[in-house]
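Protein chains in written order, with the numbering used here: chain A, 1 to 414; chain B, 1001 to 1297; chain C, 2001 to 2306.
Do not rely on the hints blindly, as some may be mistaken.
Unchecked claim - Quick list of the computed label-pair ranges, beta carbon to beta carbon:
1. L2297/C - P269/A: 57 to 63 Å
2. H1242/B - S344/A: 41 to 47 Å
3. S349/A - G2157/C: 48 to 54 Å
4. Q393/A - H1242/B: 39 to 45 Å
5. A303/A - L1273/B: 45 to 51 Å
6. S348/A - H1242/B: 37 to 43 Å
7. G2067/C - P1187/B: 55 to 61 Å
8. G2157/C - K406/A: 32 to 38 Å
9. G72/A - E1184/B: 53 to 59 Å
10. Y1160/B - A168/A: 38 to 44 Å
11. T1126/B - A2121/C: 30 to 36 Å
As the list claims (entries may be wrong) - With the Cβ distance kept under 10 Å, some of the chain C side facing chain A (calculated, not the full set):
12. F2042
13. H2053
14. I2058
15. R2079
16. H2160
17. S2166
18. P2168
19. V2171
20. V2172
21. S2212
22. Q2215
23. G2254
24. L2258
25. M2271
26. K2275
If you are wondering where the hints come from, they were derived from the structure by calculation, not from laboratory data. In this text, all values refer to a predicted model and were calculated from it rather than measured experimentally. Note that beta-carbon positions come from the ideal geometry of N, C-alpha and C, so glycine has one too.
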Amino acid sequence: MLPVATRAAGFDWKRYAGKELRFMVSVHPWTQWAQTQLPALEHDTGIKVKWEILYEDQLRQKLPLTLRSDPGSVDGFFTLPSWDAAAFSRAGWYEPLGKLIHSDLTAPDWNFVDFFPNILKIHEYDGHQIGVPITIELQALFMNNHMLRAKQLKAPTTLDELMSTAKALTDRDKDVSGIVTRGDGVQAVYTFGPFLFAFGGRWLDEKGKPELATPAAVNALKYYGELLRAAGPPNILGMQWKTTYPLFQQAHAAMFIDATNFLTYFKDPSQSRVADDVAVAVLPAGPAGEHSTVISWGPSIAASSSRKEATWIAIQYLTSKAAMAASTKATHLPPSRQSIYDSSVYTSSVPEDMIRTTKIEIPNAVPNGANPLVVPVPEVRSAIGEAIIAVLQGKNAKAAADAMQKRVVQILNG
Amino acid sequence: MSTTVRPAAPEAVASGSQPRIRRRPWLRRASLRRLGLVLAAWVVVAAFLAPLAWMVLGSFKTTVDFLAYPPVWLFPPTLGNYANVFADNNFPGYMLNSTIVAAGATLLALFLGIPAAYSVARWRRTALGMLLLAARMAPGIAFLIPLFVMFLSLHLVGSYVSLIASHLIFTLPLTVWMMVGFIEAVPLEIEQAARIDGCTVVGVLFRIVAPLTAQGIAATAILAFISSWNNFLFALVLSNEHTKTLPVAVLGYIGYNSIQWGTLMAAATLITLPVLVLALCVQRYIVRGLIAGAVAG
Amino acid sequence: MAETILTLAAPSRARTTRRRHDWTPDLLIAPALLAMIFVMGFPLLYLGYMSVHRWSLIGFSPPRFIGLANFAALAGDERFLSSLTRTLYFTALGLASNLPAGLGIALLLDQKFPTRNLLRALLILPMVATPAAMGLVWVVMLDPSLGIVRFLFGLIGIQHPPLWLSNPALVVPTLVFVDAWMWTPMVALICMAGLASLPADPFEAARVDGASAWQRFRFITFPLLTPTLVVAAMLRIMDLLKVIDIVYVMTGGGPGHLSETTNLYNYLVAMSYDKIGYGSTVALVLFALVLLCTGVLVRLRRMAAE
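Required output: the full structure, derived from the provided sequences and hints.
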């Protein structure tokens, strides 16, 4: 049973006892852990929660429709601001949390300022706090130490080193690729982001207009294509994460770039052959430095809910200091609370190099940098993905970038 | 004449024209050729069945065995994948959904379609034919988009009602088409006799036509059930988490950050096994069912 | 026959001037007709209505009438146009493979031999196996590192067969192959039914005249079987133009859009990009395409029959 945050004098966790809530969330280690806490939640607060876990793309389709066609039927939902924030805010679906946080509905020791400020900002849109960050997903460079040592190579710290190290580690006869990361258009937008930033580029300018044909974008595209064509697996074209990470896991790739989440699967000896050899490092730096993306999932309150206060109590319960200590132990994922992050709970569950990497990357990371922060995210991602597919086929990067810019402008205007 | 009688034309043999048959039939060139054809036929059919066999085989492999290359043929079988399928997700729930939707769509199609087929067979009411043909030719999405919008405003998206109603688009034409054929095979005299005795049309339908076409009704029902069970697109658009059918659910065996190969094979086996068995029961009528609505003019 | 029953059903018709219309056939057909109008007729009309609007389901703004703007946009939509070419390519490859292969199998199984009926029965299995599930099974079999297909190629000496689903040139043919695996049996069964209904006399005469098997096929079997083949072709064209299940499940249209068929693009536009009006337009055009292709085939069939 989850220890409830200490009851400060006067704070009644049970004040909304009897309420029934409905949350729509995506498949994620944290939501799966939270589901196991629901009985304790009900015991300690009297609130009954229906916790619907959907796969990400299904959530993306069903949630907006439910919020629109059945307002009031959903009280809370799991949101990924990099994808949802613009569209949901425009539709008025988020309940701004600022008022609630500073009201007496918040337990005194829930401690809002304990969350990493940079991460809290991710869940801000238009000046409003729209969600409570749970996950911190950065991108990192995973390496197979055994393979690097065998060729006496050091961990690459710059993009140039990455290219040469990856090429050196590639061994086609032994079916080993130097590096693997996403090659599928829509998905690769995520892993392409850090390269774009490393060359000094960005998705949108200050006015929100796409900046996808700049020299930085062209160079980033060119690099991404070259890297994976030279040192990536032969079938990189169209490869999604569900196929990339097993390659690293089964020692068919020496290096891997993607979300930090994947560490759990690399370290699991029942499925991974590299559990003892995996090392985590900061992403290599380009001309403009090193900039990972940092995205974060977290619960939000639906503006149309008629049980907002009860929903807030439930969210607090699941995100309190004690709760986060428990979830970190269970999922081995970086917590969004600084106190837990610095505590022995985290340091004892997560390898030292991951701890170090995330601590270095967080200050430079681009919040919500996974894709341009626009309303029609799927279509724009698809257009950017086309350019990535083109360079992975060896086509000209400048032409691809120009086409990408043209198409995205068309989508945003249309 | 020195033509060797081809064994592939047994009618000729049976009629007694056997001019110059050699004493050792198993050495005949034609006999060997025939053996070759039989073997070829077996090889072809086996090739078609191989993927299904591989699926079933894979459902008993552990993930580790699955990830081995070259593929392992002999391995300790595990029921773990099937256990995962039933324990992990709401698989039994999805199976129930598929059954409810398919049964509902089939029963509704029979209820609406058999009287309509009778009307078409006996009174040549062919207006329905045009609609049925259009149903076969139109892309599902052309109906799904407006149906989705309509059901959305009626708060019916994700209900069994919307799924069953949408499945009528293919189960009803199939039913009418198949039943017309079966009803036409019922001798008119029997119906005439009953009518003369004062039986109403509805009575004729229930007491004469239905029993005589029982086998046809069963075959039609099974074919409609299969087509509903297998349907992917309609469920993708119109179902929600609670009413999701199996074809849509199978996509779910790709987790947030992991895939379970063996479990996927087990799920695929469980999904296809019912329809494979059902299809073998009605294999005689499969061709008719597939042509449904296409042979117009 | 129908006339007989009509006379019996309304025996008074011929004798009195008062015509009593027999409502029975109409009543019997009415429920089905109404159901079809509700789930098919009305939606198609609504589809046309939506295609001249700008329509979003998430509802930032109410639907807006924009006349034929969607259709105009379609003409300039590169992604749509390339999906169209791709779909036609898919269909052509499908026909070119399914029809000869199906006919070949039918001829093979047309001989009478023991276990023939068993084989015929087993042949239906690929057709009825749930496409969505089998698509995923094929993905596993075609896996470049671990798949059984790679292993089989290795047995004949090819250690690194091409990348079936990620090679831009091979992804569509691979999907056609999987589709062919599922539907060639249908063509075969239709041809077998056709072969069984052929008259025996021309064949007897040909055998008597000493015609070879090939000659018999070319001058008798094939011409007589043409109507059957046309039926099979029509059925296949209708399904090939609309292919979406295996594409969605196996590649999602990828890599990038390199295997995106028009039906899949249609689905994405309407359900993922939330452009219901534009999606309706694409659906109408796709429907028209199927009608056109089937109509051409019907016309050809009529011409051939003359």
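Status of each hint after checking the structure:
Separated by about 59 Å at the C-beta atoms, L2297/C and P269/A satisfy the suggested range of 57 to 63 Å. The beta-carbon spacing between H1242/B and S344/A, approximately 43 Å, falls within the hinted interval of 41 to 47 Å. Under the hint 48 to 54 Å, the C-beta atoms of S349/A and G2157/C, about 50 Å apart, fit the expected range. For the hinted restraint 39 to 45 Å between Q393/A and H1242/B, the CB-CB distance of approximately 42 Å keeps it satisfied.
Our hint of 45 to 51 Å for A303/A and L1273/B holds, since their Cβ atoms are close to 46 Å apart. For the pair S348/A and H1242/B, the supplied restraint of 37 to 43 Å holds, since their beta-carbon distance comes to about 40 Å. Checking the proposed 55 to 61 Å range against G2067/C and P1187/B shows it holds: the Cβ atoms sit about 58 Å from each other. The given range of 32 to 38 Å is broken by G2157/C and K406/A, whose C-beta atoms sit roughly 47 Å from each other.
The given range of 53 to 59 Å is respected by G72/A and E1184/B, whose C-beta atoms sit roughly 55 Å from each other. For the hinted restraint 38 to 44 Å between Y1160/B and A168/A, the CB-CB distance of approximately 59 Å leaves it violated. Between T1126/B and A2121/C the C-beta distance comes to about 33 Å, which sits within the given range of 30 to 36 Å. Evaluation of the F2042/C hint against chain A yields a violated restraint, the C-beta minimum of about 20 Å exceeding 10 Å.
Hint on H2053/C is violated. Least Cβ distance to chain A is approximately 15 Å, over the 10 Å limit. Given hint, I2058/C at the interface with chain A, holds; its Cβ is 5 Å from that chain's nearest Cβ, closer than 10 Å. Of the supplied interface hints, the one on R2079/C holds, with its beta-carbon coming within about 8 Å of a beta-carbon of chain A, less than 10 Å. Among the interface hints, the one on H2160/C holds; its C-beta lies about 8 Å from the nearest C-beta in chain A, closer than the 10 Å criterion.
Here the hint on S2166/C is kept, as its CB sits about 4 Å from the closest CB of chain A, short of 10 Å. For P2168/C, the suggested interface contact is upheld, since its CB lies about 6 Å from the closest CB of chain A, less than 10 Å. The beta carbon of V2171/C comes within 8 Å of a beta carbon in chain A, closer than 10 Å, and the hint placing it at the interface holds. Annotation: V2172/C was flagged as interfacial toward chain A, and the flag is violated, the nearest CB pair being 13 Å apart, outside 10 Å.
For S2212/C, the interface hint is violated, since its Cβ never comes within 10 Å of a Cβ in chain A; the closest pair sits about 47 Å apart. A least Cβ separation of about 48 Å between Q2215/C and chain A goes past the 10 Å threshold, and the interface hint is therefore violated. At its closest, the beta carbon of G2254/C sits 4 Å from a beta carbon of chain A; the interface hint therefore holds under the 10 Å criterion. With a least beta-carbon distance of about 7 Å to chain A, the hint placing L2258/C at the interface is held under the 10 Å criterion.
A least Cβ separation of about 6 Å between M2271/C and chain A falls short of the 10 Å threshold, and the interface hint therefore holds. With a cut of 10 Å, the hint placing K2275/C at the interface with chain A holds, because the nearest CB-to-CB distance is about 8 Å.
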